[in-house]
Amino acid sequence: MKTTTLRGLGRVAAAGLLGALTALPASAASPIKVGLLLPSSGVFAGLGKDQDISFQMALEDFGDEVGGRKIVLVRADTESKPNSGLAAAKKLILRDRADVLVGVISSGVLGAVRDYVDGAKVPLIVTNAGNDDITGEKCSPWILRSSFSNDQIVREMGPWMARAGYKRVFLMAFDYAGGHQLMDSFRKGFVAAGGEIAGEEYPPLGETKDFGPYLAKLKAAEPDAAFVFFAGGPAIKFVKEYAAFGLKDTVKLAGPGWLTSALYVGKQGADAEGTLSILNYVPSIDSAENKGFQERFRAKHGRDASEFGVAAYDAARLVIEALQATGGATDDRQALVAAMHRVQFNGPRGPFRIDPATNNVIQNIYISEVEKIGDTYGAVVKEVRPNVQDAPNGCSKPF
Amino acid sequence: MRRDPLQIPTVVLLVLAMAAWWHGADFYVHEVLLSEIALFAMLAMSLDLLVGYAGMVSLGHAAFLGIGAYVTAGLTVFLGWPVALAMPASALVAGLAALVVGSFVVRLGGVFFIMITLAIGQMVYAYFLKAREFGADDGMSGIPRLDLSFLGLDTADPAVFSAVLLLAALAVYLLLRVVVRSPYGATLVAIHQNEGRVRALGCPVHRYKLGAYVLAAAIAGLAGSLTTQHSSFVSPDLAFWTVSGEVLIMVILGGGGSIVGAAIGACAFLVLKHWLSAGESWEALGLPTFMADHWQLVMGSLFVLVVLVAADGIYGRARRLLRRDGPQAG
Amino acid sequence: MLRATALTKSFGSLAVTAGVDLALPAGERHGLIGPNGAGKTTLFNLLSGELRPDSGQVLLDGVDVTHAPSDVRARAGLGRSFQRNNLFPDLTVRENLVIGVAIERGVTRVWWRGLHRDRAVVADAERQAAALGLGEELDTPVRHLSYGTQRQLEIGLALVRRPKVLLLDEPTSGMSPEETHAMLALIRGLPSALTLLIIEHDMDVIFEVADRITVLDYGRVLLEGTPEQVRASAEVRDRYLGLDEGLTP
Amino acid sequence: MLLDPQFLVIQVLNGLQLSALLFLLAVGLSVVFGLMNFINLAHGTLYMLGAYFAVAVAGAFDSFWAALVLAPLGVAVVGAVAHVTLFRRLQSAGPMKQVLVTFGLIFVGFDVVRIVWGRLPHTVPTPETLAGSVQILGETYPTYRLFIIGVGLAVLVALHLGLDRTRLGAVVRAGVDDRTMVAALGINVELVFFAVFCLGCWLAGLAGVVAAPVFSVFPGMDMSVLILALIVVVLGGPGSLWGAALGALVIGMADTFGQVMFPAFASVTIYALMAAILLFKPGGLVPVRPSH
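Chains as they are written, first to last, in my numbering: chain A, 3 to 401; chain B, 86 to 415; chain C, 7 to 255; chain D, 49 to 340.
If we strip away everything but chain A, and leave its shape as in the complex, we get (with noise of 0.2 Å):
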């Protein structure tokens, strides 16, 4: 008994020399490989490339080089589709060997590569989509998200619209499956807070040629207020029929801010005047970190930095942080993981830190409404509500 344990621990011993010798050269010279897993192709694209330059932006602002290790970038093409997502993951892992993955846009990627990923032991940090049950029920100790959860988005805004004198609401989002959370977490808080849904409609997702016919229905349902969920080129579209169709003055729009993202609230013009949005950011934050944050990022870019962008770009200062307390070594990824539980900041959006309990971020949420800002529109902030943090929704923590 006793020989085997010291003949084991001499083993033990033999093998950490060994990989001590053989790995100290080799992480002083090899780069950290981070594999960017976004879309440069397909519908997300755009919010692809958005995420892209504001994680190289990050690197510059926080240094790419961490224990001598270079940080060097591998990207693979998602396409916004599951199929390629999963085999973009893959390439990442089994070609590249990226040490860490940072993106996943579309949900469907992310269930996509949820096995897969959880299977491989890479940590991956999600920076946009918001599946409820990847930070819940199916939570991975390898899946952190920088970004949000739906439910983490809308649970405020029930109670704050029926608090608000907002008593009939009409829903409308797109039929897929984060549609469909959004509403539900929004209804949840309303109809407890004593509001009551006035109808709801559920496009199909992908071949709506046309709002119109839905928004007559929204109009002759009377609401008091509209809340729905519509992102990019519909978004856009929406809220130019909503205003065309002249809702805009009789029934409040509001919305996760997506419907008024930074991206392209300018195109939305005066139509998206006084719409009521939800969001854990939006560009007119009054902080330091913030402006400092947009006026970086307007110089490089020519344009405010939005929601997605802050969202690689917080994704790549918990890696960077994270790396700095593990001295640059990536061998023992359960050390990473547990190292990027510990990182805590103030970023762009405020108080940034990733919950041990599910893995999802715990970060402020903003109230807010489109408004005139100089010759341009865009949200400004009415309410904060801090720290929001989700319950552990079926996720029992692995680790």
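Be aware that a few hints might be false.
Chain A regions said to be covered by chain B (calculated; three or more residues, Cβ under 8 Å) [unchecked claim]:
1. 79-87
2. 101-113
Quick list of in silico lysine-lysine cross-link-like pairs, DSBU-like style, CA-CA up to 30 Å [as the list claims (entries may be wrong)]:
3. A/Lys-169 / A/Lys-374
4. B/Lys-358 / D/Lys-145
5. B/Lys-358 / A/Lys-384
6. B/Lys-358 / A/Lys-123
7. B/Lys-358 / A/Lys-51
Worth flagging that the hints you see were computed from the coordinates, not collected in a lab.
The structure displayed is predicted, hence computed values, not measured ones.
Virtual Cβ for every residue (Gly too), placed ideally from N, Cα, C.
Assemble the complex: chain A is given as a structure, and chains B, C and D must be docked to it using the hints.
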């Protein structure tokens, strides 16, 4: 029916090449490239039965891939069926779906057939996109792989599973070769050439076309089952029209009407796609790396070019060159 | 054997077949003549099932086949050739006939073994090719054959099923005199039990072959009778034969 | 709510607006199909190009009206080039190859648009004069949508007169009825085909421009409309002007009312409608040729 002296040497060569590649490959090639090639080769070969033999140009073949994938996903995840049972069920359900759909679409010829298959494919896609019981657009995960532990094989190993997939593709090839060389296959070719005359000769051509449609769909269903096992995941995208389109491109690229051509087309397409979508390849050519995101542009142009100047595809071209040199000039 | 009653077919407002009655007893050689656009081929298509009539009835061997598609009628014993060659152009002569024989024998449903295994089918096809005088051309793709030879194969393919009723649509059109002669010999050599309906522009052929003749004009039956009666009809002479140089032998 | 007249009026207008767009898209596709037996699967790509050209022109001249004039012309030129370099070459090879080529062009068009205009969605501002809303039965309705309906009607009338009163129109009608006949008349069929094809492209481009202010402009906007346009063509009967109009009306209304009233079946209904038409009335609602 037609002599094809190049067929056997090509297949032998292709099998040897795949075996050699598999032998020397790393995890990534096993898990991604070889597996994808095997899966798409099955799809392309089954589509070739329709396009190259029966003359039915379908732009909705991915619908049956999707159906097969969802059947396996549903049966294994919800009902806990063993994969070995879910696989034939996938082929069966896809075949039944084709029987229902096909009983009217096979009546339509040429361009109308293209349009209706495109529409039906999109209908299936739209259904899965909305089907909340199957996870709607998020799809389903946690689909197990075929259990071959009684053979001492661990299918979680990319090398093992890619070998399984390659062997499945070979089996599909052999099955389809038997079919196309049979009297039934010859009748399909005749129907392609002159449907009216085959009917006037007393053959219920719709039933024959339906048979091909069902068989091709069943194979696509099987490929769907294997696809979902491979990725342990299923989503509506599998049934999207671009997948059907890519498979059709593979068939045309490789050369329709030979079965092996479709497999070659799948190899060529996927190798080219992987190469084109890597920034390093463009860098090596001295071209801007942003083009790596635009491999579809290159693929689309290549496809147009193939249709324009080499409609018989890679294999057809090779066969023609051989025939020109050979004794059977004519 | 073949009977049509009050067959009517219109394309848009144009009545191409207007109440045609036709009755062919078994073994009869029946000619169908008429000017271009008289509706002869349309009538053929109605009889063989390529087209469905708007009204009227088609009886084949006493069975109502009005609504049966062409493959059902073919299996019930109706064969036809086409006005324009209607073959499998990329296939060889042997392959063309093999398809016909395979369908006739019902082996086309076999998908599990090679066609070449069905030696009897191939041998039968080769025998029929020889009977058509195409024994030398077995391996020639049809599109490389001369027009006249393709025409022969066209008839040969219609005969593969040994039909009870055979519809021949202008079998000698576009043929050289020698080829016409050969074709005539082929038609004359058909089994006497076969009921034959033949469209022909070459009056020599019609008068040589036919027992009775129906003259079609504007989709209607103008006259039905023996060759002599048709030859004697002033009306037919006016409307049709008079315009045809083949009238005076 | 369904019997609420205001709701009905708004929905009928929405339906008409979609119908007008679908008509613009489908009529070119349909007549080209009727004439040349060739379906241009890249027709949606032309529509997308029209919208992107509108983005470019409206941006350069700061005028929607300039885009309305120039963008469809640009699309017609693209179509003309494609016809001369690609489709004409394939005329003898049969429709199948032409269809395949147009299919490849969808991929090409998609990426070209992404390279030139980037990946983010664009918008075209609604022209000042049409930016407001009008009151209909006490309901606010966007003026621009009425404009779309107007454009659709104007094109319908113009095409009807063109087909009915001009020589080219007569030739096209004859050609749809019987292709061989036109050739026999000693008319330069090639030229007629070319002209009709370009007109079809122009109309697709026009649809793209007109749609741009209502729908945002993004890569991939082509496919959803392509399928609808194909369904309209099949429904109306290939080659028929009034068939395209009727088909567009049926689909436009079915889509508008179906999506709101029977959301669960909306997408499936339209496909089922197409299948039923193909099965029972293969010539479409307004067949131009007898069904064979």
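Taking the hints in turn, this is what the structure says about them:
1. 79-87: Since three or more residues must qualify, the claim that chain B covers the stretch 79-87 of chain A holds, with 4 doing so at under 8 Å.
2. 101-113: holds (count 3)
3. A/Lys-169 / A/Lys-374: Holds, because 27 Å separates the two Cα atoms, which is no more than 30 Å.
4. B/Lys-358 / D/Lys-145: holds, 23 Å
5. B/Lys-358 / A/Lys-384: Roughly 49 Å between the alpha carbons, so the hint for B/Lys-358 and A/Lys-384 is violated.
6. B/Lys-358 / A/Lys-123: holds, 28 Å
7. B/Lys-358 / A/Lys-51: holds, 21 Å
In this structure, the one hint that does not hold is number 5.
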